[in-house]
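Just so you know, the protein sequences line up as chains A and B, in that order.
93 is the number that this note's numbering gives to position 93 of the first sequence; each next residue is one higher, with no gaps.
Counting the second sequence from 1 gives a position; this note's numbering is that position plus 416.
Don't read these hints as lab results, they were simulated from the structure.
Some hints here could point you the wrong way.
As the list claims (entries may be wrong) - Mimicking DMTMM-like on lysine to aspartate or glutamate, the simulated pairs with C-alpha atoms at most 20 Å apart in a straight line are:
no., chain 1, residue 1, chain 2, residue 2
1, A, 115, A, 290
2, A, 127, A, 139
3, B, 419, A, 224
4, A, 311, B, 457
5, B, 440, A, 347
6, B, 440, B, 488
7, A, 311, B, 432
8, B, 440, B, 457
9, A, 333, A, 317
10, A, 210, A, 224
11, A, 311, B, 452
12, B, 419, A, 274
13, A, 386, A, 405
14, B, 440, B, 452
15, A, 65, A, 224
16, A, 115, A, 274
17, B, 419, A, 399
18, A, 333, A, 388
19, A, 311, B, 454
20, A, 330, A, 317
Quick caveat, the model's predicted, so the values are computed rather than measured.
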Amino acid sequence: MQRYSVFSLARNALTHHRDWQPAWRSPPLKDAYDVVIVGAGGHGLAAAYYLAKNHGITDVAVLEKGWLGGGNVARNTVTIRSNYMRDESIPFYVKTVALFDGLTKDLNYNLMYSKRSMIDVVQTYPKLREIKRRMLHMDLYGSTYEPITVSELRQRIPALTGGGTDSRLPIIAGMVHTDAAVCRHDAVAWGYARGADAYGVEMHQNTAVKSLLRGSDGRIAGVETNRGTVKARKVALAVSGHTTSLTETLGLRLPLKTFNLTAFVSEPVKPLIDVVVNCPDIGVYLSQSDRGELVIGGAPDPGQSFRRDIKQNVFEDAVAAMLELFPAFKRLKLMRQWGGSLEIAHDATPIVSRTAVPGLYITAGWWGGFKAIPAGGFTLAHLVAKDEAHPLTEPFSLERFRHLDFVLESGTTTAR
Amino acid sequence: MLKITCPFCGPRNESEFVHGGPEKPRRPEDPAALSDTDWIDHLTVPDNPMGPVREKWWHLRGCGQWVTITRDTVSHDILDEDGHDRR
């Protein structure tokens with residue numbers, strides 16, 4: 001792997017940038033691998049990277065239907081945070097924030113990682129109680145959450161002029177989560193892909209997995225793709241939204257439903273907001289990107305959906321909610337809008353688990369899975385390599401449904 | 417936006433309705449006779465097809481009627497009882 005540094009930049013400038021190597025190879029597809037990972041998104045690529053780096057398993061192929069990093073890793077709102085509620089969840093998200101902190105150096109790839117606080121704008125007392133309870137839980141695990149007064153809140157977010165004492169839902173409190181960050185989402189996928197490639201992992205784009213294959217011994221045998229059969233000893237699915245479509249080819253049903261979550265960006269404006277603003281009571285959250293665009297996310301479309309466009313009424317609801325608190329944004333033009341199909345499990349907590357088919361692993365039910373990419377890949381790699389769950393994702397196993405031992409998480413979506 | 421047909425009010429905008437989740441399968445006659453796996457499946461595993469789902473909507477900002485429709489999860493078309501596409 002060609003390392004990136006200020007010296008390599010200078011050296012390549014002298015040769016007119018003609019000697020840069022591609023970030024990853026495009027080798028021919030073999031007909032058998034040790035491990036096949038379906039889905040070259042954040043979780044799939046991170047798992048491939050950690051499989052090679054931490055476990056020395058390099059005979060790995062990552063198969064991708066479209067292009068690398070073109071799924072939900074390109075369709076999120078890039079918020080990284082660890083303000084969760086449950087004992088089962090918080091250590092996992094603390095780990096993911098810690099991995100993100102050192103990731104640019106680890107991958108030798110500039111993720112444009114930018115640490116900024118997330119501020120919750122609280123407008124109802126039930127939410128305030130819930131969020132203060134979360135603060136006490138988070139204290140136990142070294143995650144940060146601190147209350148601030150309304151005047152301090154308005155000082156830190158000058159654009160927040162709505163929600164006054166005469167409005168329907170006046171702002172009553174604020175909470176600051178200083179561990180939050182944003183980063184460039186494409187760079188996460190590309191960085192992991194480049195890192196995995198350096199260890200010999202193969203990435204195959206335009207390779208759609210049609211079905212899973214089971215051997216006569218009941219174990220997973222491989223996958224059927226549009227480019228032929230690929231045999232594998234182990235298969236891991238990291239295909240947000242479409243996990244059930246694939247497992248059902250083996251008759252395996254999972255407690256997952258697929259939904260469409262919406263986001264959109266405004267035209268670029270001068271620096272206006274330097275934190276991630278979350279308004280859980282009205283169901284909207286936003287941050288400003290380095291380019292000056294406001295990145296805005298809302299609540300999901302309530303019915304099951306496999307679409308990647310967005311519904312007008314869901315979009316309008318999010319905009320109307322945002323204008324309650326930020327009336328000045330009325331004059332902003334919205335530039336792009338997109339949706340992603342993602343899954344939610346029966347108890348709204350992700351699933352990183354073995355399945356009833358030996359050798360088949362899934363990482364699914366990620367709702368806000370962008371922040372979970374490093375720890376999700378790290379723990380999935382552990383699971384695939386050792387065939388046992390990493391301690392951090394032990395509570396995220398499919399077994400929990402069998403014992404009705406649900407992890408009921410209130411911090412899953414920001415807008416709730 | 418969906419246009420959902422309410423039996424009393426006729427075709428109305430989705431924004432008048434509240435989503436009530438997928439239609440639950442019938443409760444087994446004798447749950448004690450089921451295996452644990454089948455019972456857990458009944459409790460927690462919904463249908464998640466790329467195609468038609470049966471789902472409930474509540475006409476909250478209208479007459480209050482609960483409506484069950486068949487909707488395609490990819491095209492969002494609402495299908496009639498006999499499976500015909502009704503745009």
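These are the hints, each one checked on the structure:
no.: 1; hint: A/115 x A/290; in the structure: 12 Å, holds
no.: 2; hint: A/127 x A/139; in the structure: 18 Å, holds
no.: 3; hint: B/419 x A/224; in the structure: 39 Å, violated
no.: 4; hint: A/311 x B/457; in the structure: 31 Å, violated
no.: 5; hint: B/440 x A/347; in the structure: 16 Å, holds
no.: 6; hint: B/440 x B/488; in the structure: 17 Å, holds
no.: 7; hint: A/311 x B/432; in the structure: 15 Å, holds
no.: 8; hint: B/440 x B/457; in the structure: 12 Å, holds
no.: 9; hint: A/333 x A/317; in the structure: 16 Å, holds
no.: 10; hint: A/210 x A/224; in the structure: 6 Å, holds
no.: 11; hint: A/311 x B/452; in the structure: 39 Å, violated
no.: 12; hint: B/419 x A/274; in the structure: 40 Å, violated
no.: 13; hint: A/386 x A/405; in the structure: 24 Å, violated
no.: 14; hint: B/440 x B/452; in the structure: 18 Å, holds
no.: 15; hint: A/65 x A/224; in the structure: 12 Å, holds
no.: 16; hint: A/115 x A/274; in the structure: 10 Å, holds
no.: 17; hint: B/419 x A/399; in the structure: 40 Å, violated
no.: 18; hint: A/333 x A/388; in the structure: 50 Å, violated
no.: 19; hint: A/311 x B/454; in the structure: 36 Å, violated
no.: 20; hint: A/330 x A/317; in the structure: 14 Å, holds
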